[in-house]
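S.K.: Here are the chains, one letter per residue:
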Amino acid sequence: MSGSSARSALDGTTRRLSRRDLLRMAALSTGALAAAPLLNACSTDAGTGASGATTGVLSYMSTSTAKTDLAWFEKVVAAIESEHPGVTVEGQQLDADQAFYPQIQTMVATGAYVDVLPDISESLWRDLANEGLLADAGEVLAALGGPSGFRPGMLDRVTIEGTPYGVPLRIGGFLMWYRTDLAEAAGLSAPTSWASLREYMSATTTADMYGNGIPYGVNNATSGALFSYILANGGNVCDPNLDVVFDSPANVETLEYLRDIAQFAPPGYLNYGYAETLENFVQGRASTCYYVGRILERINTDNPALADKIGVVRIPAAGGGEPVAAYGSFAISAMLKEAPNPTLGKLWQTDYQFATPYYIDALLGAPGNDYPTLQLSAEEEARYEADPLLNKYADILEITMAAAEAAVSPSQESAAHQPNPRGGVILAGPILPTVLQEVVTGTKPAAAAVADAAAALRDVMTTG
Amino acid sequence: MLTGERSQETEKEAAPGKRRRPARAAKPDREQARFGLILLLPALLIFVVVIAYPVLYGISRSFFTVNKLTLAAEWVGFSNFAAELFGPTAKLFSGARLSVIFAVGTTLVQLVIGVLAALLLNRPFFGRSLARGLAIFPYMVPIVVAVLVWKWMLNDQLGIVNHGMLATGMIDTPIAWFDQSWAMTSVILIGAWRYFPFIVLVVLARLQSIPRALYDAARVDGASAWSQFWDVTLPQLRTVLLVTVGLRIVWEFNDFDLIALATNGGPAGATETLPLNVYNVTFFGAGLGRGAALSTIILTAILLAYLGIHIRNARRAAKQER
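Just so you know, the sequences run in chain order U and H.
Using the working numbering, the letters of the first sequence correspond one by one to residues 149 to 612.
Using the working numbering, the letters of the second sequence correspond one by one to residues 7 to 328.
Don't read these hints as lab results, they were simulated from the structure.
We treat Cβ as the ideally placed atom computed from N, Cα and C, and that holds for glycine.
Any given hint could be a false lead.
To be clear about the criterion: a stretch of chain H counts as covered by chain U if any three or more of its residues have a C-beta under 8 angstroms from a C-beta of chain U, and this derived list gives those stretches [as the list claims (entries may be wrong)]:
id, segment
1, 74-80
2, 161-172
3, 178-190
4, 293-300
Hey, can you work out the whole structure from these sequences and the hints?
M.R.: The following block contains the structure:
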């Protein structure tokens, strides 16, 4: 008998398969393969029953990709899987830059939800909350001690019309880091106005050192930096009623200032984001850096020779004096209303992410980068403050903490502003970086570039 | 009896000048036709699900404002098209220009390097197998890794390229490989490095099938090495090169990830090609409806261009037949 024969499972007889039979089988198999995704899409999520039992798949999608953050996630996942043998954790770590937002959009569009978004930005949180996609976090917040379990004002930031839609995770603010040794050598003190910042940048620019460490690439680092300097000069993207006021004389002035100090930036500054800006400062190639507190950990790890030569100021107000609010991050842990396994999502939040020791572990991954939103217990407080780096830079930490507490974002430019549902898109998109690049490169005069950017922003606000 | 014979017979039986109903196909023929249809169904299903539905859905979204998260839509007619063609934020024409520059530029560099490498790898030398393996290495590296490595290699302060050029005295100050004057060249070269192995693979396969007798005859006629290449190798490669270049230009025209990772369209829009423009409009600009309108405009333009080429070729072929 040839190879093309088969035994019927029903009657046990053997018959020869014709070429046509084989083709028919191939056609049916191909059809089944093509239909598989459709059938799969129609099927229900198996293995995560509604019984509330701690079994099944716990899924998350995170914006954290720093080495220390990844180590924390690995540790938490291992702890959950070992303490709950029926639970498997499946996570995605996506770049907070541009990749995360489309990924969320795809998730919502396809209905393939995850259980937890452990560390989303305030702007993305607001977008999701406005669309009614987030779950009420009241139960989780109660388990974490209610309002008394959090620092003042934190719960207000995650509450919309009386309902909390997330758990405040951490706050951080952007600052201007500088080199104290170079300032001293130039006979200058810490820069506290745009004029003194320019003077410092100019004085510290040499053959192998660049004074300007502000990112100018097309990325959200540049969006945040430009937003900070716009606020520092009394400008805004939108007014409190969310009308676009980007085309203001103050913003033209800000862009011209940033163009002027671009002469002190490294040659490749037009493609710089967080990574390049940080690396140049840590490696001693730039004398300033627009960044958050993670610098402390990076300098002490990668270039300890500079560990005692760094200082920090909040983004200087244009005319000097008390610094105004600058861009900062406010991260939130949230669950989706359509989470396939909400029980496991809550387990993640209450027993791990916000529980001892994991919460403090996360903060101490990069000491000084982010600040707690929880009221720490005496034991946690002691552990947090005992960190050698936090001890060493106590004076710096006061400044970084003040910047974190005052931080704002395009999602809400000030306490007087209405929350901007398009804030996240404005921050993550190319409009702000592009207008800066157009002015810096001379592609367009500042006033024309600002007018074009305002038109694009109005597009985003009305149709985006 | 064969099917053809039967139909001839049927025609003979028909009275001249009298129109006759076509005879119904015999049962085995109908079965065969039905079976053929069944065989086509999977491919048709895949075509409908994977190509036709997404394209038609995209075109339909062009006429709506679409909520990015919930996909709720509101009819706006042709205003999305008007905004993307003539609006103050429209970048269609600059994007098209940059896409053509990138696609043609990187394909030409790939072509030159790819053909030269294939000619080299076609000659016998020690370690040729290893060299052939290494030649396709850029094609195997994930695009994210490849571009990030290139970005750091071309970094003005810490990159090995500037370091090497400074150390050898070729330059006095670091070159900003991603500034306005260099950015497009840099992404063209990164694209060429990444994709030239495709040309190598295709050309090498063709080179190995060129009959040796053609070269022997050319040598007997006293042809030089250059003449052998020009008069024997190149004509033999012509068809394969035309197809490969056509494919590469189409692929490069639609290339998104390389430029998004390398420059994200900057500086000041100097590398904002059409795919990047669509992405920015959709996710960070005026929204999904406007992005869909922009995509529809591009699709229509490409189809018209293709139609033009097809008609021209058909006319040329008809002329040659005459």
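S.K.: Against this structure, judge whether each hint is valid.
M.R.: Hints, verified against the model:
no.	hint	verdict
1	74-80	holds (count 4)
2	161-172	holds (count 4)
3	178-190	holds (count 9)
4	293-300	holds (count 3)
In the structure shown, no violation is registered for any of the earlier numbered hints.
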